[in-house]
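Chains as they are written, first to last, in my numbering: chain A, 1 to 460; chain B, 1 to 283.
Everything labelled a hint here was simulated from the structure, so no lab data went into it.
Because the structure is a prediction, the values reported are computed rather than measured.
Glycine included, C-beta positions come from ideal geometry on N, C-alpha and C.
Each hint should be verified, as a subset may be incorrect.
[Stated by the list, open to error] Among chain A residues calculated to face chain B with C-beta under 8 angstroms, some are:
hint, residue
1, N252
2, T256
3, G260
4, F266
5, G382
6, G432
7, F436
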Amino acid sequence: MKKAEAKKKRVKEFQDPYTVTGALVKGNIITKLSLLIMGLGNIAHKQVIKGLIYLAVEISWLVYMIQYGFYSMSMLPSLGWREQQKVWNDAKSIFEYTAGDQSSLILLYGVATIFVTFLFIIVWRDSVKSGYKVELLAKEGKHINTFKEDFKSLFDKNLHKLLLAGPIMGVLVFTVLPLLYNITMAFTNYSKIGDKLVLFDWVGLANFKKILNIKDGIGGQFYSVLGWTLIWAVFATVLNYIFGMILAIVINRKDTKAKGFWRFCFVISIAVPQFVSLLIMRTMLQPTGIVNTLLLKYGLIDKALPFFTSATWARVTVIVINLWVGIPYTLLQVTGILQNIPAELYEAAKIDGANAVQTFFKITLPYMLFVMTPYLITQFTGNINNFNVIFLLSGGNPTGVGDTAGKTDLLVTWLYKLTVDKSYYNLGAVIGIMTFIVLAIVALVTYRNTTSYKDEEGFM
Amino acid sequence: MNSARKKVTNVIVHILLAILAFIWVLPVFWVILTSFRGEKGSYVSTFFPKTYTLNNYVKLFTDTSILDFPKMFMNTFIIAIFTCIISTVFVLSVSYCMSRMRFKMRKPYMNIAMILGLFPSFMSMIAVYYILKALNLVNGSMIRLALIIVFSAGSGVGFYVAKGFFDTIPKALDEAAIIDGATKWQTFTKITIPLSKPIIVYTVLTSFMAPWLDFIFAKVICRADATQYTVSIGLWKMLEKEYIDSWYTCFAAGAVVVSVPIAILFLITQKFYVEGMSGAVKG
Chain A
1 MKKAEAKKKR VKEFQDPYTV TGALVKGNII TKLSLLIMGL GNIAHKQVIK
51 GLIYLAVEIS WLVYMIQYGF YSMSMLPSLG WREQQKVWND AKSIFEYTAG
101 DQSSLILLYG VATIFVTFLF IIVWRDSVKS GYKVELLAKE GKHINTFKED
151 FKSLFDKNLH KLLLAGPIMG VLVFTVLPLL YNITMAFTNY SKIGDKLVLF
201 DWVGLANFKK ILNIKDGIGG QFYSVLGWTL IWAVFATVLN YIFGMILAIV
251 INRKDTKAKG FWRFCFVISI AVPQFVSLLI MRTMLQPTGI VNTLLLKYGL
301 IDKALPFFTS ATWARVTVIV INLWVGIPYT LLQVTGILQN IPAELYEAAK
351 IDGANAVQTF FKITLPYMLF VMTPYLITQF TGNINNFNVI FLLSGGNPTG
401 VGDTAGKTDL LVTWLYKLTV DKSYYNLGAV IGIMTFIVLA IVALVTYRNT
451 TSYKDEEGFM
Chain B
1 MNSARKKVTN VIVHILLAIL AFIWVLPVFW VILTSFRGEK GSYVSTFFPK
51 TYTLNNYVKL FTDTSILDFP KMFMNTFIIA IFTCIISTVF VLSVSYCMSR
101 MRFKMRKPYM NIAMILGLFP SFMSMIAVYY ILKALNLVNG SMIRLALIIV
151 FSAGSGVGFY VAKGFFDTIP KALDEAAIID GATKWQTFTK ITIPLSKPII
201 VYTVLTSFMA PWLDFIFAKV ICRADATQYT VSIGLWKMLE KEYIDSWYTC
251 FAAGAVVVSV PIAILFLITQ KFYVEGMSGA VKG
């Protein structure tokens, strides 16, 4: 009930009386013409520069479409068919190659054209509204902004347009467009399998069926990788949190001496770039690395420990090393919050005769969980996408014969292997989408239940 | 009795902390030792080096025939500076808009940013590579520009920390300025920015460090072009089979060279991060 009201209010807050339908139904002939010739309405009402800018956008879009756009769109359904051919050139007495179609580029240009057109439609809507607005303002005899005033408003009322233009362009071109392109790959057979790297076709949902089918070779690996990813994320998050918190509490104890020194010892490991410390760990734990060498030398073991060669060992190793990486972060986060727990709570517990374990479970833990749930969720999603630790430590190994995914591969590292090493672009794209789905489910279920999401400005 | 038990607990706790601290410091300590080690190769049988030398550092900076570390260092440095400038401007702009301006696209933008954050970050890497290739940015020294774009273009999505900080600056300050006839641009540059030193330093430092810490994006963009490598790919290369025997100790030296400035920057960042978290104007 309350939610519906809030929603209604928000809609009203940004209501715009100048709509495209309004222009279409009630606008005069010039406004209606500016549906076709952008900026006409503005030019007619003395907003010449603004109108010309709209017109320039329209013309450049048209030029683009005629030169490349329509061709790209027309190629999109087939993704190209012309193979590269060798043609004998009599005049030069050599074989010449005719350029064939390259499906990956056709797909990219096709997606880009749709993307550009979509952006154009947004500008078009804006121009129609703007044309309708000046018509109404002129009719009512109200002031119409000059170009200079419009420009000035970019530094005041419309500052967000100025400030957001750059960042949004960056995100659109280098995050959203590539993502869309990659997602479309999931519906093609763009892959080294069957030699489809130059020319490929749409295959609908075939890749998804393949991945989700547990009896298929790839499908079987998918479920095992998914399972390990979830186990990894749970262990990595929970263990880091619990051990980090215990460590923080121990350091924070009243009787612990040299608190700053202990903290420094742990924090110094974060300060070393992660790829450096992980690469070092990897070399230390090799069969001939320093750890095995020393253990063998002092006769503690008979043969080298299989840190990265046995599946179980490798899985435990990456989780333990991740503790080394992660605990200092938890320590940093937790320390401040621990000091914020009201001291009266502990005093009351002490008077009631509670021991350390009881205080921890009845006071510290519930308080920490209450404050740190959002942090835990980000940690969890971060761990599902934890590329560095796995890739740099075990590289996903050990890998079974004929498998593309190793026993410690997460969905993300498998995605990397499938695309960069194996060139199975379509399967990689499917894995990416699957990772997104897993994360989206986790995020939706948990975010919706946290107070910080429900009430963004609650703490103010 | 009670105080005796307390003493025992205390001793145990301190011993435990010492052991843990030892485990945490050990790898760091070991790299530093290795960087001064006289014996070549990755296979060693003692923890402490038999001979000490500075040659590893000398070789790292003078032997540029196979792996040109000084060049990698300069590459990374240039990329880091530009990335840092662009990212900081982007992040501060977006955060300010999300915190202070109220407009139609605000909520949708924040939701989309959250959704984008759920995709594996390099899922689109291959596509980005194609786009950069179409723009002719993946050959020769243009790779630097490509990497700057890769590191900074998407930064408009990561506005949460800075927005949270701006939220703590009292809105009354803005309103007072507006009553005095200031434009939004003026409140942004004359009021919000000067009050935001901790979060600006934090943003500058984190975006400056990103190119030093990233490994995977640089690897995909640079491919085989060794002249454009960043530090992290260079260090990774030194551990590959064909180089590890002659470059292992240099790897350690390189790791130290990279880690020291990063560690210092990190410790500074931490200070400002904590300040940033505790809000802008107190009281």
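Against chain B, is T256(A) within 8 angstroms by beta-carbon distance?
-> Check passed: Cβ of T256(A) comes within 6 angstroms of chain B, closer than 8 angstroms.
With a cut-off of 8 angstroms, does the beta carbon of G432(A) approach a beta carbon of chain B closely enough for the hint to hold?
-> Cβ of G432(A) sits 4 angstroms from chain B, so the hint holds.
Closest C-beta approach of F266(A) to chain B relative to 8 angstroms, hint status = holds, 5 angstroms
Quick one, is the N252(A) hint okay against chain B at 8 angstroms, beta carbons?
-> Constraint on N252(A) not satisfied, violated at 11 angstroms.
Using Cβ atoms only, decide whether F436(A) comes closer than 8 angstroms to chain B, and label the hint accordingly.
-> Holds, because the Cβ-Cβ distance from F436(A) to chain B comes to roughly 5 angstroms (cut-off 8 angstroms).
Given G260(A) was flagged as interface, is its beta-carbon under 8 angstroms from a beta-carbon of chain B?
-> violated, 12 angstroms
Against chain B, with CB atoms and a cut of 8 angstroms, does the hint on G382(A) hold up?
-> violated, 10 angstroms
Hints 1, 3 and 5 from the earlier list are contradicted by this structure; the remaining hints agree with it.
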